[in-house]
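Peer 1: Top to bottom, those sequences are chains A and B. Quick note: the first sequence uses this note's numbering, first residue 23, plus one each step. Quick note: the second sequence uses this note's numbering, first residue 23, plus one each step.
Among the hints, a few may not be true.
For identical chains, the list gives no copy identity; a pair is met inside one copy or between any two copies.
Claimed, not checked - In silico DSS-like pairs for lysine-lysine, Cα to Cα no more than 27 Å straight-line:
1. K260 x K195
2. K52 x K523
3. K250 x K198
4. K100 x K545
5. K429 x K527
6. K36 x K165
7. K195 x K429
8. K429 x K250
9. K470 x K142
10. K250 x K200
11. K36 x K250
12. K545 x K484
13. K545 x K134
The hints are simulated quantities; they were obtained by calculation from the structure and are not laboratory data.
There are 2 protein chains.
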Amino acid sequence: MTYTDLDKTESYAKLKVLAGEFAGKETFQKLDAERVAEYSAPMACGLTYNYAAKKLNGAVIDALEALAREIDAVGKYKLILDGEIMNTGENRKVLHHLARGRLGKEVFFENKNIGDFYKKELERFSTFASAVREGKINPGAGKKFTTAVQIGIGGSDLGPRALYIALENWARKEGKAKITAKFISNVDPDDAAAVLSSIDLTTSLFVLVSKSGTTQETLANELFVKDKLKKAGLDPAKHIVAVTSETSPLAHNPAYLDSFYIDDFIGGRYSASSAVGGVILSLAFGPETFAGILAGSHEADKTALEPSIRKNPALLDALTGVWERNFLNYPYTAILPYSQALSRFPAHLQQLDMESNGKCVNRFGNRLSYATGPVIFGEPGTNGQHSFYQLLHQGTDITPVQFIGFKESQLNDDVNVDGSNSQTKLKANLAAQIVAFAKGKQDSNPNKNFEGGRPSSIIYGKRLTPETLGALLAHYENKVMFQGFIWNLNSFDQEGVQLGKILTKKVLAGGGDLDGALDAYSKILGVK
Amino acid sequence: MTYTDLDKTESYAKLKVLAGEFAGKETFQKLDAERVAEYSAPMACGLTYNYAAKKLNGAVIDALEALAREIDAVGKYKLILDGEIMNTGENRKVLHHLARGRLGKEVFFENKNIGDFYKKELERFSTFASAVREGKINPGAGKKFTTAVQIGIGGSDLGPRALYIALENWARKEGKAKITAKFISNVDPDDAAAVLSSIDLTTSLFVLVSKSGTTQETLANELFVKDKLKKAGLDPAKHIVAVTSETSPLAHNPAYLDSFYIDDFIGGRYSASSAVGGVILSLAFGPETFAGILAGSHEADKTALEPSIRKNPALLDALTGVWERNFLNYPYTAILPYSQALSRFPAHLQQLDMESNGKCVNRFGNRLSYATGPVIFGEPGTNGQHSFYQLLHQGTDITPVQFIGFKESQLNDDVNVDGSNSQTKLKANLAAQIVAFAKGKQDSNPNKNFEGGRPSSIIYGKRLTPETLGALLAHYENKVMFQGFIWNLNSFDQEGVQLGKILTKKVLAGGGDLDGALDAYSKILGVK
């Protein structure tokens with residue numbers, strides 16, 4: 023396998039020429055029913071990716087496909103699936119796909135079959151979650167656990183929390199919601215204190231999540247929780263389970279009710295498919311619900327193997343993002359789900375994307391001379407329409423947009439006003455926005471003029487379920503992975519967070535060797 | 023008063039020259055205790071604005087001050103305070119400052135004294151809120167109201183919600199938290215359904231907020247709520263109060279328990295200081311708490327009158343933002359509060375900033391040829407450190423950052439681990455991040471190398487209270503206002519959201535005159 027910087031590929035020069043010639047405005051004026059039908063690709067689990075309102079034409083798509091072939095994007099994905107060391111910075115395999123099912127070779131590490139290991143842990147925490155939900159595992163005194171509290175930060179928080187919120191209503195509707203989940207993440211003591219004051223400790227089970235077992239925030243919050251449990255006369259060992267790696271200080275530790283294992287081959291932001299997401303989601307919604315998420319992700323992982331980009335939405339989305347970032351020069355992307363259930367999904371994608379591809383060196387450590395990962399932000403529609411959409415419509419810069427929408431609500435509890443129900447209004451707003459961004463509207467009052475030419479794509483489906491949610495999750499993971507291949511960087515490490523950690527330790531150690539500014543900031547903040 | 027496009031000012035050319043000459047790297051290498059002490063400005067309510075880690079030097083600050091003088095930024099602010107028509111697009115006064123106290127002339131409209139009107143409404147809803155909190159106004163059957171649910175979207179949601187979350191813990195600690203607030207905003211029926219299933223309708227009071235009384239989402243959610251109230255055998259007229267303008271269909275309407283009034287001179291995103299924020303916050307935390315927020319904002323409004331930018335943090339922050347946007351060419355800004363209580367404050371600021379200054383025409387309707395409002399995003403630290411900070415530290419583009427931090431937590435419920443409590447760890451992380459961004463760190467492994475040179479400022483104070491929160495809120499409002507003056511645009515209208523509304527109505531009307539693409543998107547989403 024060869025690895026080439028984007029600007030050294032043959033396709034790069036061709037795309038530069040195309041970007042110079044490209045009459046984007048025409049594309050948007052040509053946007054009609056035929057184009058909407060044509061620029062559409064099936065995704066896993068009945069989802070569809072529609073890119074008719076993107077600044078693309080046949081020639082650009084063909085050139086993007088040539089780029090994908092030239093760098094062998096799908097071949098690199100297959101190396102991941104086969105267990106090659108694709109996290110080169112940390113000398114690790116990248117195996118989050120394997121947590122949802124095998125698509126490549128059997129993967130071994132130090133004679134251990136990793137697929138079997140993931141499967142075994144999945145079975146173990148599924149059994150555990152069922153026993154808790156049925157009351158077989160309980161806090162004693164004739165009670166059942168009613169609340170599960172995840173203690174974790176970053177990938178141990180954002181992904182699992184986004185998925186929990188995404189399925190909370192669905193689970194209530196389907197009769198799967200037995201245990202309420204809460205989340206403690208921030209080292210700000212007000213976070214833990216507020217969560218703990220909102221729950222009944224006697225019936226609460228804590229899920230302590232730290233791969234290394236050394237995460238500062240998580241350990242501080244663990245002590246916080248243990249302290250409260252003890253003060254309430256409860257035994258922490260009966261109220262906390264750990265999710266950690268087998269080599270961490272938290273592993274095989276009688277201080278916990280049980281422990282479930284992960285390994286170094288699944289990075290934090292990719293860990294929702296492992297025990298990191300699995301324990302809390304299985305407790306809350308049942309193991310069969312978590313299995314549904316994994317099944318949806320696995321189906322999306324299969325789709326990402328398709329060599330033709332018109333049939334591979336993750337790869338097409340990735341290439342379109344590169345087209346927008348490196349050839350049309352848009353520095354950010356908004357992700358706008360028309361689904362209240364996905365209210366925290368953009369925050370997860372912000373981590374997934376920005377932490378993976380916010381890098382300025384290639385996989386060999388050479389400084390890149392082109393832009394990589396964009397800033398990702400978003401809030402659910404229609405809320406955003408009454409907020410930052412003003413800038414998206416009439417700001418001086420163009421922000422590419424990706425919408426997500428569903429035909430049906432999750433709860434199917436709706437009201438009819440002025441001849442339509444709320445779900446229909448939600449969808450009508452979404453359709454209207456795509457066209458408003460693309461086509462704009464001429465107005466003699468310049469303040470009411472919409473220039474249009476603002477590209478968007480949409481992922482849509484019937485209803486947000488465990489399966490469609492899993493497919494969505496994997497779509498974005500695979501999109502980010504493919505973009506990492508195209509930018510020739512390592513999407514799977516995060517050295518950029520290390521310096522802060524080191525300096526924090528310095529401050530807390532409080533030695534006299536502090537940098538003058540560090541010392542000064544510590545003082546004005548009252549650290550010492 | 024004269025109004026000049028930024029690129030037509032004398033200062034513009036000087037700043038362009040300075041930007042070309044400016045050795046930003048040197049600034050950061052020079053960052054030491056002395057500079058931290060010098061680049062500091064007092065704010066209202068004991069807050070401090072520190073800009074030592076910004077890419078600024080004395081010459082740039084002087085040039086920015088000259089720009090502020092040249093366009094008479096403070097003079098324009100005074101016109102706002104005096105009730106001039108400064109929302110030129112909609113031919114309206116801009117009076118959110120007046121809602122917290124008078125700093126200019128008395129303002130009249132159609133012989134009505136607007137300051138008196140705001141004061142009267144404040145008194146009315148304060149009295150109402152006290153009566154509800156004391157149980158004098160109650161749902162009958164010997165019960166008290168325990169829950170207040172705001173129904174509103176955009177400015178009727180984001181600001182009030184952010185402030186509520188910001189003071190929830192403070193109020194619990196101070197014994198002010200009597201009524202729990204919830205919020206319904208999205209037209210997605212899953213939003214309202216989920217909130218309603220989490221509360222006891224018999225003891226819930228709904229606050230219906232729509233200035234025009236015609237907001238599609240809010241009216242749909244009102245009907246949704248009324249329907250549920252009726253099905254529960256409750257009289258909606260005893261469970262809903264309205265916050266609206268006196269000319270709206272919701273005004274003076276016996277369908278509501280009471281109504282509180284706002285007017286067209288306070289835009290949605292500036293309305294947290296009016297009855298839009300006041301009713302729900304006074305119900306939840308008491309009128310004296312809301313008065314504290316207003317007092318803090320009023321003090322910040324006074325500070326914004328200061329002509330010297332080194333003593334006027336809102337103006338300095340505004341100018342620094344313009345320096346970064348138009349001269350250093352950074353397209354976005356991250357706002358990162360090290361306070362879990364401010365978890366939704368960035369979402370409010372995203373609306374405030376992007377809806378106000380995401381415009382491409384000047385106040386006279388001429389197309390601008392320079393960049394205006396940036397994309398604003400943010401999440402609380404330390405959470406963000408484990409997420410998108412990777413890109414902030416090592417991404418190919420530079421993202422200016424504004425931190426917010428406090429010496430003390432709100433609940434003062436903390437735990438000691440490894441020789442420090444969590445609040446100290448939070449602050450140590452914050453100090454470390456500023457220095458890490460500014461100075462970076464050379465490493466022979468390029469993947470671990472931090473280039474530094476990434477600018478940040480910090481607003482810090484003792485503790486997040488109603489007063490400091492009010493000062494923060496007004497700081498950002500005034501910053502955005504000053505930037506609007508500098509960019510010579512109208513920050514107070516939002517024509518960019520209109521086209522979507524018009525197209526949505528077209529879709530819902532379902533006529534045969536739909537644009538082909540609009541029709542096609544409506545069909546694939548199952549609108550019809």
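Peer 1: Confirm or reject each hint.
Peer 2: Results of checking the hints against the structure:
For a Cα distance limit of 27 Å, the shortest separation of K260 from K195 qualifies neither inside one copy, at 31 Å, nor across copies, at 30 Å. Taking the shortest Cα distances, K52 and K523 sit within 27 Å of each other only across copies (23 Å), while inside one copy they are farther apart (52 Å). For the homomeric pair K250 and K198, the shortest alpha-carbon distance between copies (24 Å) is at most 27 Å, but the shortest distance inside one copy (30 Å) is not. Within a single copy, K100 and K545 get their C-alpha atoms no closer than 52 Å, and across copies no closer than 37 Å, so neither meets the 27 Å cut-off.
With identical chains, the CA atoms of K429 and K527 are at most 27 Å apart between copies only, with a shortest distance of 18 Å across copies and 50 Å within one. With identical chains, the CA atoms of K36 and K165 are never at most 27 Å apart, being 67 Å at best within one copy and 73 Å at best between copies. In the homo-oligomer, the alpha carbons of K195 and K429 lie at most 27 Å apart inside one protomer (17 Å), although the nearest pairing across protomers, at 44 Å, exceeds that limit. In this assembly of identical chains, the alpha carbons of K429 and K250 lie at most 27 Å apart only when taken from different copies (24 Å versus 45 Å within one copy).
Taking identical chains as interchangeable, the C-alpha atoms of K470 and K142 are never at most 27 Å apart, the minima being 60 Å within one chain and 35 Å between chains. In the homo-oligomer, the alpha carbons of K250 and K200 lie at most 27 Å apart both inside one protomer (24 Å) and across protomers (24 Å), since each shortest distance falls under that limit. For the homomeric pair K36 and K250, neither the shortest alpha-carbon distance inside one copy (63 Å) nor that between copies (60 Å) is at most 27 Å. In the homo-oligomer, the alpha carbons of K545 and K484 lie at most 27 Å apart only across protomers (13 Å), although the nearest pairing inside one protomer, at 55 Å, exceeds that limit.
Taking the shortest alpha-carbon separations for K545 and K134, neither the intra-copy value of 50 Å nor the inter-copy value of 51 Å comes in at or below 27 Å.
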